[in-house]
Each structure stands twice: as C-alpha cells, then as structure tokens.
Amino acid sequence: MRQRIENAQKEIDSKKMIVQNGKMRQHYHFMPQSGWMNDPNGLIFFNGQYHVFYQTNPYNGFWDCMHWGHAVSKDFVHWEYLPLALAPSEEYDDYQKGGCFSGSAIEHEGKLYVFYTATANHGNGSEQSQCLAISEDGINFEKYDGNPLFDAPEGIQPDSFRDPKVWKHENKYYMVVGASRNNRGLALIYESADLYHWNFLNVLAESRGEWGFMWECPDFYQLGDKYVLTFSPMGSGDHTSVYLTGDFDYKTGKFDWHISGEMDWGFDFYAPQTTLLPDGRRVMIAWMKSWDSCVIKEKQRWQGMMTLPRELEYRDGKIWQKPVREIENYRKNRCCYENVKVGESLSLEGVRGRMIDLTVELQNADGIMDGSRNSGNPNQEALDVYNEFRIELARNEEYTTVFTYDRKRQILEIDRTWSGVQRDVVCTRKLQITDDRQNLKLRFILDRSSIELFINDGSKTATTVIPTPVEADEILFHSDGNAVIQVEKYDIVL
Numbered sequence: 001m002r003q004r005i006e007n008a009q010k011e012i013d014s015k016k017m018i019v020q021n022g023k024m025r026q027h028y029h030f031m032p033q034s035g036w037m038n039d040p041n042g043l044i045f046f047n048g049q050y051h052v053f054y055q056t057n058p059y060n061g062f063w064d065c066m067h068w069g070h071a072v073s074k075d076f077v078h079w080e081y082l083p084l085a086l087a088p089s090e091e092y093d094d095y096q097k098g099g100c101f102s103g104s105a106i107e108h109e110g111k112l113y114v115f116y117t118a119t120a121n122h123g124n125g126s127e128q129s130q131c132l133a134i135s136e137d138g139i140n141f142e143k144y145d146g147n148p149l150f151d152a153p154e155g156i157q158p159d160s161f162r163d164p165k166v167w168k169h170e171n172k173y174y175m176v177v178g179a180s181r182n183n184r185g186l187a188l189i190y191e192s193a194d195l196y197h198w199n200f201l202n203v204l205a206e207s208r209g210e211w212g213f214m215w216e217c218p219d220f221y222q223l224g225d226k227y228v229l230t231f232s233p234m235g236s237g238d239h240t241s242v243y244l245t246g247d248f249d250y251k252t253g254k255f256d257w258h259i260s261g262e263m264d265w266g267f268d269f270y271a272p273q274t275t276l277l278p279d280g281r282r283v284m285i286a287w288m289k290s291w292d293s294c295v296i297k298e299k300q301r302w303q304g305m306m307t308l309p310r311e312l313e314y315r316d317g318k319i320w321q322k323p324v325r326e327i328e329n330y331r332k333n334r335c336c337y338e339n340v341k342v343g344e345s346l347s348l349e350g351v352r353g354r355m356i357d358l359t360v361e362l363q364n365a366d367g368i369m370d371g372s373r374n375s376g377n378p379n380q381e382a383l384d385v386y387n388e389f390r391i392e393l394a395r396n397e398e399y400t401t402v403f404t405y406d407r408k409r410q411i412l413e414i415d416r417t418w419s420g421v422q423r424d425v426v427c428t429r430k431l432q433i434t435d436d437r438q439n440l441k442l443r444f445i446l447d448r449s450s451i452e453l454f455i456n457d458g459s460k461t462a463t464t465v466i467p468t469p470v471e472a473d474e475i476l477f478h479s480d481g482n483a484v485i486q487v488e489k490y491d492i493v494l
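Going by the working numbering, the first residue of the sequence shown is number 1, and it counts up by one from there.
In case anyone wonders, no lab produced these hints; they're calculated from the structure.
Quantities reported herein were computed from a predicted structural model and do not represent experimental measurements.
Careful: at least some of the hints might be erroneous.
To be verified - Okay, derived cross-link-like pairs now, DSS-like style, lysine-lysine, Cα gap no bigger than 30 Å in a straight line: (1) Lys332 to Lys74; (2) Lys408 to Lys341; (3) Lys441 to Lys251; (4) Lys251 to Lys341; (5) Lys23 to Lys251.
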C-alpha cells in the first residue's frame with residue numbers, strides 16, 4: 001500500500017499549486033487539493049486535533065479508484081492536509097476494479113483504528129466486505145492481516161453492503177452497515193468485544209419502499225434522550241439524507257423509531273457523519289454535493305467539498321443544526337440594520353459579498369404596524385401586509401440565486417436557475433416552515449461556490465452549491481407589500 005500512496009501523493013503534489021488558484025475554490029470550506037472528493041470518513045478527535053478522512057480519486061476530477069484522503073484541524077476552519085491514509089492495494093480492495101470505500105474511525109488503546117469497505121470484482125460482480133487499518137500515530141496506516149473482517153450475510157446483495165460506522169458503548173463495540181435486500185435499503189448492526197471479531201446483532205431499520213433501494217453511509221448515535229439513525233438513500237428522489245429517531249436496546253439491537261425527517265432540504269447534502277467531541281458536542285460534516293446534482297464544471301481539476309461542520313441538538317422531536325461556533329472567531333466588519341421596510345426592491349449599503357455570514361429576520365406580518373410591532377394602540381395603522389418576500393444572493397445583472405418566502409402558505413422556495421448552472425439538474429426546491437414562532441429567521445453562510453441556510457436557529461437547513469462567478473456579490477431584498485426586516489452581516493476573514 002505504501003507505494004500506491006506515494007504514487008498518488010506525487011500526482012496530487014504535481015497539480016495542487018495550479019488548482020489552488022481556481023476561481024471557484026472555497027475560502028473556508030474543506031475541499032481536496034486536487035482530484036475528486038466525496039463522502040467524509042473517520043471524523044474524530046484524536047491526539048489533540050480534529051481528523052477528517054474522505055473519499056478521493058487523486059488522479060482525476062471524477063469518481064474512480066477510491067483512496068482515503070486525510071486532513072486535520074484545531075478549529076474546524078483551518079485544515080492541514082496530511083498524506084493519503086489508504087490506497088487500494090490488495091486482492092480484496094482491488095486497485096483496478098474496486099477501492100477503499102467509506103467508513104469511520106475509533107480510538108483504541110492509544111491507536112487510531114479505521115474501518116472501511118473494500119470493493120473488488122473476482123469475476124462474479126462487485127463484492128463488498130468490511131476491513132480494518134490501524135495507525136500508531138494517526139498518520140501512517142497498516143491494513144490488518146486478517147482482512148476482510150466479514151462479508152455480506154445471506155440475503156444481502158454482495159455489491160451493496162458498505163460504509164461501516166463504529167462506536168463504543170460500555171465494554172462493547174458496535175458497527176452499523178448500510179445494505180440492500182430485495183431492492184430495499186436497510187441498516188444492519190453488529191457487535192464485537194475486541195474490534196476484530198464481529199457478530200450480527202439485528203436489522204436496525206429497513207425501508208418499506210419509501211427510502212430507496214440502498215442506504216449509504218449510515219450513522220447511529222445518541223442525541224439527548226433519543227437515538228438517531230441517519231443514512232443517504234439511493235433511488236428515493238429528493239431525499240438526500242434521512243434521519244430516524246427513537247429508542248434503542250443494546251441487548252437486543254432493536255431500534256424502535258417513531259419520527260423521521262430530512263437532514264437537509266437543499267440540493268447538495270450527502271453522506272453526513274458525526275463524532276462526539278470531548279466537550280460534549282455532537283458535530284456533523286457532510287459532502288456538499290450529491291450524485292444527481294453536480295453543477296460545478298466537469299473539466300476542472302478538482303470536484304467536491306464539505307459542508308461547514310455543524311453542531312447537533314435534539315429537541316421538539318427533531319434535529320436542530322447550527323454552524324460550529326468556531327466560525328464566529330473569523331467574523332469581521334459587522335454591518336447591522338434594524339426595522340428596515342422592504343418594498344418592491346431594496347439594497348443596503350455594506351450588505352453584499354460572497355464570503356459572509358448573513359442573518360435576516362423577517363417580522364411576523366400579523367404584528368407589523370407603522371415601523372414596529374403592534375403595541376395594542378387601536379389608532380395605529382397597519383402597513384400593507386406582504387404576501388411574498390424574496391432575497392437574491394450572489395447577484396449581478398446576469399446571475400442570481402433566489403430565496404422566496406410565501407407568507408400565507410409558509411413555504412420557502414430556493415431557485416438557482418440563474419446561478420450559472422449549465423447542466424440538466426434540479427434547480428428549484430420548496431420546503432414547509434411550520435415553526436411556532438413570531439419571526440422568520442434566515443441565516444445564510446456563503447462561500448465562493450456555496451450557500452448554507454439555517455432556518456429559525458437551525459430547525460431546518462438547506463444546502464446549495466452555486467457555480468456563480470465570484471464577481472456577482474450583490475444582495476437584494478424584495479416584497480410585494482411592506483415587509484420589515486432586521487439584518488446582520490459579517491465578512492468571513494481567514
């Protein structure tokens with residue numbers, strides 16, 4: 001494996017200086033130095049740093065020949081690239097017809113253990129198995145001599161059995177693996193006493209037909225007093241990542257889930273993975289892209305990027321997400337407006353940019369009076385109530401991405417049709433907002449080629465990749481009546 005890694009690293013090193021000057025390179029979101037990136041793997045805090053591994057093809061800007069890339073950070077914002085961690089090199093993770101697919105990491109006896117899916121083809125079609133590699137220093141890995149640990153059990157399609165996520169509970173280790181059976185997705189759970197020998201425990205959950213034919217990149221963890229299973233279903237339309245919440249019994253491996261939801265309502269969010277930090281935060285990162293929605297130009301030397309890491313919380317029966325608090329250390333040049341009336345079209349001095357943290361709070365229309373909330377004075381006249389409110393981001397005369405709120409139906413529509421998309425992909429998406437609160441609060445995290453939206457302090461999120469030239473940096477507000485907004489904007493400066 002060492003020679004394979006050295007060869008791939010030379011390929012990266014030969015291109016990275018050219019790639020880093022690309023106009024669409026992100027400013028503070030993690031992305032590959034060159035080549036292709038997809039799923040995050042092995043997110044963990046180890047030896048005083050946050051580690052993230054990731055699926056990568058170091059040779060080209062498209063999916064092929066999967067390796068594991070590797071980077072570390074002390075604050076989730078600045079990332080240092082390390083040598084590749086894994087390369088396909090064995091019969092079970094065949095270099096030509098397979099690779100080292102997604103997985104996870106866990107610390108054990110001061111060493112870093114990474115579990116991954118090996119894929120090979122021995123003439124009978126693709127076969128996937130779960131494998132292990134171990135590192136003394138968290139940088140250099142050796143594959144376990146006893147690989148593969150186990151193959152797909154009877155009844156599970158051998159080419160759809162992948163993406164192990166491992167964790168420890170009390171004195172045992174557990175692993176959830178995504179799978180397919182009878183053309184329906186499911187998640188299987190295994191247990192082990194030593195991380196080397198694994199026994200099947202139960203079917204954690206299974207599609208009834210609504211969530212596709214294969215569940216990729218499952219994750220399972222406790223959040224508050226509930227357990228959460230997340231996965232990215234293949235073949236289920238607009239569902240990029242789903243979560244199920246409920247109660248779990250470690251003795252039987254039975255997961256009694258009763259609530260389901262979308263992890264993200266945007267176009268570009270896939271394969272989320274979480275880790276528990278020493279300070280108690282459950283942090284998640286995801287691939288900011290999806291298989292069906294590639295809008296970045298194909299001919300560039302790099303593809304793929306990660307979302308900003310997010311802190312998770314479970315309350316009110318759903319998962320809440322917010323950007324990791326560390327990003328606030330890089331907010332500069334605060335610009336703030338209060339009680340601004342928005343008519344047909346409005347721009348605000350100082351409110352523009354493509355690397356910004358922007359919060360817009362839209363006052364409840366039923367309470368809007370002349371410049372303030374209804375104070376109870378019957379002689380005070382109400383403003384014309386708006387029905388539609390729009391924000392245009394990354395805008396100029398040629399480009400724009402539009403967020404439109406329909407007040408009566410409580411629906412937010414995202415439209416990136418005019419963002420510079422040149423491929424036949426989905427460009428509009430609608431989501432219902434049913435939070436019981438007076439104002440609508442929209443927090444936009446913009447980078448050069450992405451917009452992450454956090455609605456009402458993270459009750460819902462929507463992630464969108466945009467191929468818009470960075471020169472398009474205007475922000476416009478519109479309403480068909482008299483909307484009243486508060487605006488707070490910061491530049492993100494590294």
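Verification of the hints:
no.	hint	result
1	Lys332 to Lys74	20 Å, holds
2	Lys408 to Lys341	19 Å, holds
3	Lys441 to Lys251	43 Å, violated
4	Lys251 to Lys341	59 Å, violated
5	Lys23 to Lys251	53 Å, violated
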